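Protein chains in written order, with UniProt numbering: chain A, 1 to 167; chain B, 1 to 122.
If you are wondering where the hints come from, they were derived from the structure by calculation, not from laboratory data. Note that the structure is a prediction, hence the values are computed from the model and not measured. Idealized CB from N, CA, C, for every residue including glycine. Just so you know, not all the hints are guaranteed correct.
One side of the interface only, derived from the structure: several residues of chain A facing chain B at Cβ under 7 Å [claimed, not checked]:
| no. | residue |
| --- | --- |
| 1 | 70 |
| 2 | 71 |
| 3 | 73 |
| 4 | 90 |
| 5 | 93 |
| 6 | 96 |
| 7 | 165 |
Below, in silico cross-link-like pairs of lysine-lysine (DSSO-like), each with a Cα-Cα straight-line distance of 30 Å or less [claimed, not checked]:
| no. | chain 1 | residue 1 | chain 2 | residue 2 |
| --- | --- | --- | --- | --- |
| 8 | B | 11 | B | 42 |
| 9 | B | 104 | B | 80 |
| 10 | A | 47 | A | 37 |
| 11 | B | 34 | A | 146 |
| 12 | A | 81 | B | 2 |
| 13 | B | 61 | B | 24 |
| 14 | B | 42 | A | 113 |
| 15 | A | 163 | B | 2 |
| 16 | B | 70 | A | 70 |
| 17 | A | 78 | A | 146 |
| 18 | A | 100 | B | 25 |
| 19 | A | 78 | A | 100 |
| 20 | A | 100 | B | 34 |
| 21 | B | 18 | A | 126 |
| 22 | A | 50 | A | 31 |
| 23 | B | 65 | A | 78 |
| 24 | B | 45 | A | 125 |
| 25 | A | 125 | B | 104 |
| 26 | A | 89 | B | 85 |
| 27 | A | 163 | B | 42 |
| 28 | B | 4 | B | 104 |
| 29 | B | 24 | A | 145 |
| 30 | B | 86 | A | 74 |
| 31 | A | 113 | B | 18 |
| 32 | B | 18 | A | 74 |
| 33 | A | 74 | B | 80 |
| 34 | B | 85 | A | 126 |
| 35 | B | 85 | A | 81 |
| 36 | B | 12 | A | 126 |
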Amino acid sequence: MAPKAKKSAAKTSKAAAPPKVDAGVVKAKEKALRAKKSVVRGTHDTKYRKIRTSVHFRRPKTLKLPRAPKYPRKSVNKTNKLDQYCLIKYPLTTESAMKKIEDNNTLVFIVDKRANKPMIKMAVKKLYDIEVAKVNTLIRPDCEKKAYVRIAPDYDALDIANKIGII
Amino acid sequence: AKVKAKELRGKKKEELLKQLDDLKKELQILRVAKVTGGAAAKLGKIYTVRKSVARVLTVIKQTQKDNLRKFYRKKTHKPKDLRQKKTRALRRALTPYELSLKSKKELRKQRLYPLRKYAVKE
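Extracted from the complex, chain B is given alone in its bound form (with noise of 0.2 Å):
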């Protein structure tokens, strides 16, 4: 039986987490088949079973991380891995509105001396 990832995602987290339990359980009696000289239909199963596990958890932690997100979007503190990863210097960077402030200097010399169009005439 092969597991496919879109079908569980559907599912909730206990079912989720009951068949991640017999994948695991069912992982252990293929490694002691290993062990004993099993079936190569058993010893080729291993792979399949492993990435099956490894298909259950990732749909577990995707819909976890998902649930998480949508439940900090309108928050103003989040915790720090559902924020904007980026670099530590863009993080640390000024913001846009920072950028734009300018000086009481500034501003006047803009408002005095903008910048003019001229038309040539012919």
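So here's chain A without its partners, still in its complex pose (with noise of 0.2 Å):
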């Protein structure tokens, strides 16, 4: 009995002891194994579909550089050749602008035709020191522009014509 006893003891030991050290072996082998299928198959084994949650495909959002030029394509920009003296070309003198000049306290221009009106606006603010309450334009017959230029009110037209020279 006791021969019997040991002898199960003793292959009950050596069937324990084992597998605590080959489970860690066992574990090991795994692994490695499943490592070297991965890299022989490649990464194309996986199938892994993405979540679509409309049915739609929008484009996705790349990056997006700012411009960084090596060099300005021209040397210098062009500079702006409708200056405030090129804008506004003379006053009239007319009989009708000058009525226009004691009653309605404006100023009566020939512009250049690409002029408009804000332009004008600045332009005579910038050469006589004015405020202007508006502006109306037409373009003559001749194709120039005629600019009526409302002076505002606490300033006066009579002054300004004489300052420029036009009575």
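Assembly of the complex is requested from the two constituent chains, each provided in isolation within its own frame, with the hints serving as guidance.
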């Protein structure tokens, strides 16, 4: 009885001892095999499908870098050829223009055809140091632009006309 | 006062711009005089002032371009208006180096069969 028990005990001990070591070895082996398999098969083995929450495919947003040119395409930018001096050509001195100066506190100018009302307003302000109430424009039949520049009430058109030299 | 380009070239940009401003103001006054029936002297002056304005602008532009060319002289990438104009076809043509490149076959032929010079014995 004793030897049998001993034998069985020995067997069980034997059976018990290797699994402890074996388990660790087996795990390592499995891991190595898995790694080898994935390397051999490559990354295409995985069957991961993205979850799509919409039926439409929207262009994914990519990196947009700002411009950083190696050289400017133009060496010098164009200067503004239509400056205040070019805009306002000359004031009108006709009888009706004179009437406008006296009665309506407005000055009448012949202006470049490409000028618009805000440009005319700014140009008159800069040239004659006055405040402008409003500008009305029309294009004459001889293709010149005429601007009626109404001056603010605290300035006098007659004085300015004298200063310019119209009167 | 006649504006001479020689005198203008030494000046700085701010001075030139200020002179330009003054000339343009004068031109305005002369134009008003033309409308209000000014003296003949004034009307004749319009031409000279206009040309002076042109002269000042020319000098400004020329010195600006000159300085830019100096700045970009050693650089590889120049703005397109500072590069050689030539013609469109010439700009796209092969460079002298690219033209001089020879194939291996050609090089071999050149090496093996150079041009020989003979002398004929009298």
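Hints, one by one, checked against the model:
1. Residue-level restraint check for residue 70(A) holds (minimum Cβ-Cβ distance to chain B is 5 Å; threshold 7 Å).
2. Satisfaction of the interface hint for residue 71(A) is found here, the shortest Cβ-Cβ separation to chain B being roughly 4 Å, below the 7 Å cut-off.
3. For residue 73(A), the suggested interface contact is upheld, since its CB lies about 6 Å from the closest CB of chain B, less than 7 Å.
4. This hint holds: residue 90(A) has a C-beta 4 Å from the nearest C-beta of chain B, less than the 7 Å allowed.
5. Because the beta carbon of residue 93(A) sits about 5 Å from the nearest beta carbon in chain B, less than 7 Å, this interface hint is met.
6. Annotation: residue 96(A) was flagged as interfacial toward chain B, and the flag is violated, the nearest CB pair being 14 Å apart, outside 7 Å.
7. Against a cut-off of 7 Å between C-beta atoms, the interface hint on residue 165(A) holds, since the closest Cβ of chain B lies about 5 Å away.
8. For the hint linking residue 11(B) to residue 42(B), the alpha-carbon distance of about 28 Å falls within 30 Å, and the restraint holds.
9. Under the criterion of a C-alpha separation no larger than 30 Å, the hint pairing residue 104(B) with residue 80(B) is inconsistent with the structure, at around 37 Å.
10. In summary, the hint linking residue 47(A) to residue 37(A) is supported, as the alpha carbons are separated by about 16 Å, within the 30 Å threshold.
11. This hinted pair checks out: residue 34(B) and residue 146(A) have alpha carbons roughly 17 Å apart, not beyond 30 Å.
12. Taken as a hint, the residue 81(A) and residue 2(B) pair is honoured in the structure, with Cα atoms around 24 Å apart against an allowance of 30 Å.
13. With a C-alpha separation of about 17 Å, the suggested pairing of residue 61(B) with residue 24(B) holds against the 30 Å cut-off.
14. Our distance criterion of 30 Å between C-alpha atoms is met by residue 42(B) and residue 113(A), whose separation comes to about 26 Å.
15. About 27 Å separates the Cα atoms of residue 163(A) and residue 2(B), which keeps this hinted pair within 30 Å; it holds.
16. Proximity of residue 70(B) to residue 70(A) is assessed by CA-CA distance (about 17 Å); at most 30 Å being required, the pair is judged to hold.
17. Between the alpha carbons of residue 78(A) and residue 146(A) the distance comes to roughly 28 Å, so the proposed pair stays at or under 30 Å and holds.
18. Between residue 100(A) and residue 25(B) the alpha-carbon distance is near 25 Å, which keeps this suggested pair within the 30 Å criterion.
19. Of the pairs offered as hints, the one joining residue 78(A) and residue 100(A) is violated, with about 38 Å between alpha carbons and a cut-off of 30 Å exceeded.
20. Distance check on the hinted pair: residue 100(A) and residue 34(B) sit about 21 Å apart at the alpha-carbon level, within 30 Å; holds.
21. Restraint check for residue 18(B) and residue 126(A): the C-alpha separation of about 16 Å stays at or below 30 Å, so the hint holds.
22. Under the criterion of a C-alpha separation no larger than 30 Å, the hint pairing residue 50(A) with residue 31(A) is consistent with the structure, at around 27 Å.
23. Simply put, residue 65(B) and residue 78(A) have alpha-carbon atoms about 12 Å apart, close enough for the 30 Å limit, and the pair holds.
24. For the proposed pair residue 45(B) and residue 125(A), the alpha carbon gap of about 27 Å is at most 30 Å, so the pair holds.
25. With a C-alpha separation of about 76 Å, the suggested pairing of residue 125(A) with residue 104(B) is violated against the 30 Å cut-off.
26. Under the criterion of a C-alpha separation no larger than 30 Å, the hint pairing residue 89(A) with residue 85(B) is inconsistent with the structure, at around 37 Å.
27. The suggested pairing of residue 163(A) with residue 42(B) holds, with an alpha-carbon distance near 18 Å, which does not exceed 30 Å.
28. For the hint linking residue 4(B) to residue 104(B), the alpha-carbon distance of about 63 Å lies beyond 30 Å, and the restraint is violated.
29. Between the alpha carbons of residue 24(B) and residue 145(A) the distance comes to roughly 21 Å, so the proposed pair stays at or under 30 Å and holds.
30. Under the criterion of a C-alpha separation no larger than 30 Å, the hint pairing residue 86(B) with residue 74(A) is consistent with the structure, at around 18 Å.
31. For a cut-off of 30 Å, the pair hint linking residue 113(A) to residue 18(B) stands: about 27 Å separates their Cα positions.
32. For the suggested pair residue 18(B) and residue 74(A), the alpha carbons sit about 26 Å apart, so the restraint of at most 30 Å is met.
33. With a C-alpha separation of about 6 Å, the suggested pairing of residue 74(A) with residue 80(B) holds against the 30 Å cut-off.
34. Annotation: proposed proximity of residue 85(B) to residue 126(A) is violated, straight-line Cα distance about 41 Å (limit 30 Å).
35. Simply put, residue 85(B) and residue 81(A) have alpha-carbon atoms about 25 Å apart, close enough for the 30 Å limit, and the pair holds.
36. Of the pairs offered as hints, the one joining residue 12(B) and residue 126(A) holds, with about 25 Å between alpha carbons and a cut-off of 30 Å not exceeded.
Hint compliance for this structure: hints 6, 9, 19, 25, 26, 28, 34 are broken, all remaining hints hold.
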